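J.: Please put together the full structure from these sequences, using the hints given.
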Amino acid sequence: MNEELVLEQRREHEATQKTIVGFWVYLMTDCVLFASLFAVYAVLHGNTFGGPSGHDLFHLPYVLVETFALLMSSFTCGLAMLATQRRARNEVLFWLFVTFCLGALFLGLELHEFANMVHDGNSWRRSGFLSSYFVLVGTHGTHITFGLLWMAVLGGYVWKRGITDSIRKRLTLFSLFWHFLDVIWIFIFTIVYLYGSIGV
Amino acid sequence: MLTQVAFALLGKLAWNQLPPNPIAWGGALMVIVGLIAIVALITYLHRWKWLWKNWLTTQDPKRIGVMYVVVALIMLLRGGADALIMRAQQATSVGNSQGLLDPSHFQQIVSAHGTIMIFFVAMGLMFGIINLVLPLQLGARDVAFPFLNATSFWLFFAGMALVMGSLVVGDFSAAGWLSYPPLSELKYSPTVGVDYWIWALQIAGVGSLLSGVNFLVTIIKMRAPGMTLMKMPLFAWGVLTSMSLVAFAFPILTVTLTLLALDRTIGTHFFTAGGGGNAMMYVNLIWAWGHPEVYILVLPAFGIYSEIVSTFSRKKLFGYTSMVWALAAIMLLSYSVWLHHFFTMGAGANVNAFFGITTAVIAVPTGVKIFNWLFTMYRGRIKFASPMFWFMGFVVIFTIGGVAGVMMSIPAIDYQVHNSLFLVAHFHMMIVGGVVFGFFGGLTYWFPKIFGFRLHEGLGKIAFWFWGVGFLTAFVPLYILGLMGATRRLDHYNASLGWQPLFIVAGIGVGLIVIGVAAQVLQLVVSIVQRDQRRDLTGDPWNGRTLEWSVPSPAPFYSFIKQPVVTERDQFWADKQAKAHAKKEYEDIVLPKNSSLSVVIGALAFVFGGSVVWHIFWLAPLALIGIVVTIIVRSMNDEPEYRLTAREVERLEHERLRKVKAYEALQA
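One line per chain: the protein sequences are A and U, in this order. The first sequence begins at 1 in my numbering and counts up by one. The second sequence begins at 1 in my numbering and counts up by one.
Don't read these hints as lab results, they were simulated from the structure. Source: prediction; values computed, not measured. Check before you lean on any hint, since a few could be wrong.
Within a straight-line C-alpha distance of at most 20 Å, the following computed SDA-like cross-link-like pairs (lysine to any residue) qualify [stated by the list, open to error]:
#1 Lys187(U) to Arg125(A)
#2 Lys169(A) to Glu639(U)
#3 Lys169(A) to Pro640(U)
#4 Lys169(A) to Val633(U)
Sample of chain U residues facing chain A (criterion: CB under 10 Å; computed from the structure) [claimed, not checked]:
#5 Leu209
#6 Leu210
#7 Phe248
#8 Ala249
#9 Pro251
#10 Leu262
#11 Gly267
#12 Val590
FRET-style restraints, in silico, Cβ to Cβ [stated by the list, open to error]:
#13 Asn16(U) to Phe75(A): 52 to 60 Å
#14 Asp56(A) to Ala273(U): 24 to 32 Å
#15 Thr142(A) to Pro190(U): 25 to 33 Å
#16 Gly138(A) to Ala273(U): 21 to 29 Å
Glycine residues also receive a C-beta, built at the ideal position from the N, C-alpha and C atoms.
T.: Structure below.
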């Protein structure tokens with residue numbers, strides 16, 4: 001009986017390992033996806049077609065607030081993971097909630113920025129530069145949206161079932177995803193906004 | 001008012017989108033009649049429930065593999081019909097005669113032929129064979145993520161359904177198989193054709209990407225105990241290198257197709273001629289995926305040849321280590337050659353020189369492989385079974401095509417033959433001679449493992465000879481025509497050029513290939529009829545070397561009674577030499593349950609693709625939400641697996657042995 005239990009646990013462990021390796025490979029494919037979009041942005045960022053450039057459009061202090069919201073959310077996501085290790089259900093829920101709010105704040109700020117640009121007639125239809133800007137930043141935003149949805153579903157599981165092994169695995173995957181999006185954002189912040197503002 | 005309502009509800013869908021002329025109606029009717037015939041047959045045989053339970057919802061990689069192969073072979077007939085029409089057009093459309101088709105329809109058929117053959121035939125056969133063989137070779141019972149695997153298949157199926165749907169409503173892309181802008185932009189291709197192309201590829205492509213991740217993890221994490229990477233069968237190495245390419249190349253395709261779709265749907269300026277777009281960027285992006293794609297197809301085929309040649313030469317593979325390194329070198333180099341597809345775009349002499357050299361260099365590891373295969377045959381006790389025929393046909397055709405490729409790697413020569421039929425002949429020799437022959441050989445080789453009986457050898461050899469001779473008859477003239485200046489996608493030419501005789505020869509070649517295909521169909525039918533005499537009762541019909549031959553034929557759904565342990569490269573061969581008999585021990589086996597949700601995701605992806613193609617903008621988000629909800633529902637399933645008890649396995653095993661005894665009596 002005992003031996004069976006050990007075998008069972010080893011099987012579970014191997015399955016978890018498999019999922020985590022698989023998720024890493026998926027993240028690498030996502031990385032290639034963003035790399036392609038960065039390459040497209042690098043090619044098109046000068047093609048303003050008589051419209052505004054990044055220097056005219058970007059407002060760095062605003063983007064800095066966005067950035068801090070997202071970086072903070074990564075930190076609180078880490079705190080949620082630490083609480084998961086301790087199996088402290090309520091703490092996990094609390095930090096997930098904070099992470100969700102910060103993520104939603106980031107997304108709201110981004111959508112507000114997009115709306116303003118579109119309102120001023122500077123939508124993705126304006127120029128090659130703006131097309132690549134909206135799609136690069138928007139793809140990151142879409143990932144954040146799915147991340148928020150995922151977080152909500154996971155929060156629901158934790159609420160109903162507590163911290164089980166299966167939920168720990170899922171929270172691990174989620175935190176990988178969320179930190180990955182943070183890394184991507186650092187690149188967006190640097191390449192799109194910083195370089196754009198100083199007009200490189 | 002009414003038209004506005006109709007547009008809101010149905011988008012661009014309307015009666016006038018039905019086929020415009022008799023030939024197009026012919027295609028549409030074939031799709032409709034074929035569909036009705038299949039539905040009627042299944043209903044008549046009362047097989048719906050059986051089909052649903054045993055096949056459509058299955059998560060057994062062997063069954064998923066069979067479904068891939070069936071779909072791919074049906075699509076081979078479709079793509080082959082396109083090829084026949086093209087040859088007929090080019091043989092007759094000369095001087096005053098306009099041939100069978102109007103130019104736009106001809107371009108659609110050319111585009112459909114390329115798209116279908118690569119995405120739905122070659123990719124389908126590849127994923128089919130990987131599903132059938134890879135887990136067995138690794139000594140694993142399943143792939144890493146069975147549900148994801150089934151979902152990949154249904155996404156592939158949804159993409160295929162969109163391509164076939166374009167025959168009935170609307171049209172298909174007439175912008176070539178890679179749809180270069182600005183031609184593929186809305187301004188120059190205003191119909192839904194390019195949208196069908198985009199979304200069929202996008203959906204099937206996401207399926208391929210997921211498969212890539214899946215098989216990569218399967219190889220990394222699920223090899224039998226003791227099977228180090230350098231003890232893996234070479235087919236597994238081919239898959240490992242190929243799937244690494246999938247994981248790093250398909251995201252680029254996803255991006256490229258998305259950007260083109262955005263250009264066409266919401267008015268962005270990525271590749272447009274005006275507005276700050278850059279069409280040359282598309283060509284770079286699509287080939288940054290497209291060149292690795294060629295190797296994605298051929299590396300598993302290389303693996304298959306390695307298995308075939310060593311089995312039928314009764315020798316271990318010559319130079320295993322160099323074979324592995326050659327695969328790895330090809331994998332890495334395949335990312336550094338994409339620009340050779342457009343030397344003429346004018347990137348400058350130095351850039352062209354760099355990519356010309358990398359392209360020529362790739363011939364070195366490929367040459368290493370060819371010689372290793374030949375050295376494996378040297379002093380082997382060769383058995384000329386039909387898989388070996390496909391292998392030897394490959395060596396001849398692939399080498400001719402490869403040498404033509406090295407010629408074209410020199411930019412100065414490429415300037416002369418760019419976009420000519422010389423190129424068309426070259427890449428058909430690589431993809432048909434290299435990839436398709438490999439898959440045919442592999443299917444013949446592994447057929448008994450999956451279905452439990454062997455294919456008819458004589459008809460298989462006849463099929464090979466018609467394919468091989470027909471293929472050379474069809475494509476050698478294209479080399480000559482290319483050097484004479486005939487460009488690809490040519491729907492009409494002047495009689496004074498004197499090209500018609502060669503085009504007619506090429507047409508005869510395709511006719512010979514059709515006879516080859518007919519022989520293959522006959523081979524399948526005859527083998528099924530005679531299946532009781534052809535049963536493989538040993539599980540090892542070819543005197544094989546690797547683990548898949550250690551299980552009975554057909555491989556049971558749980559694959560291995562007990563997970564094998566590996567100490568040798570050709571483990572099964574070593575076991576046979578040592579006359580080692582594993583004693584029968586039974587253990588509980590955990591297997592994935594069936595799930596209908598993969599089918600649901602595929603169906604919703606089809607609805608999503610169709611509604612975006614037709615601009616039905618209320619339906620597309622609903623389908624997308626449906627997919628997300630389905631995934632959430634799936635994630636709530638805490639018990640996706642079931643346990644097959646040791647006792648049950650023992651009962652099944654005894655039942656199988658009883659059947660084997662009965663067949664033995666029958667064959668005696």
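J.: Evaluate each hint against the coordinates.
T.: Structure-based check of each hint:
1. Lys187(U) to Arg125(A): With a Cα-Cα distance of about 15 Å, the restraint between Lys187(U) and Arg125(A) holds, given a limit of 20 Å.
2. Lys169(A) to Glu639(U): holds (15 Å)
3. Lys169(A) to Pro640(U): holds (16 Å)
4. Lys169(A) to Val633(U): holds (17 Å)
5. Leu209: Where the cut-off is 10 Å and the nearest Cβ of chain A is about 6 Å from Leu209(U), the hint holds.
6. Leu210: holds (8 Å)
7. Phe248: Where the cut-off is 10 Å and the nearest Cβ of chain A is about 5 Å from Phe248(U), the hint holds.
8. Ala249: holds (8 Å)
9. Pro251: With a minimum Cβ separation of about 4 Å from chain A (threshold 10 Å), the hint on Pro251(U) holds.
10. Leu262: holds (7 Å)
11. Gly267: It holds, given that the least Cβ distance between Gly267(U) and chain A is near 4 Å, below 10 Å.
12. Val590: Cβ of Val590(U) sits 7 Å from chain A, so the hint holds.
13. Asn16(U) to Phe75(A): 52 to 60 Å: Cβ of Asn16(U) to Cβ of Phe75(A): about 58 Å, so the range 52 to 60 Å holds.
14. Asp56(A) to Ala273(U): 24 to 32 Å: Taking Cβ atoms as reference, Asp56(A) and Ala273(U) lie about 25 Å apart, which means the hint holds.
15. Thr142(A) to Pro190(U): 25 to 33 Å: This hint holds: roughly 28 Å between Cβ atoms.
16. Gly138(A) to Ala273(U): 21 to 29 Å: 24 Å Cβ-Cβ, so the 21 to 29 Å window holds.
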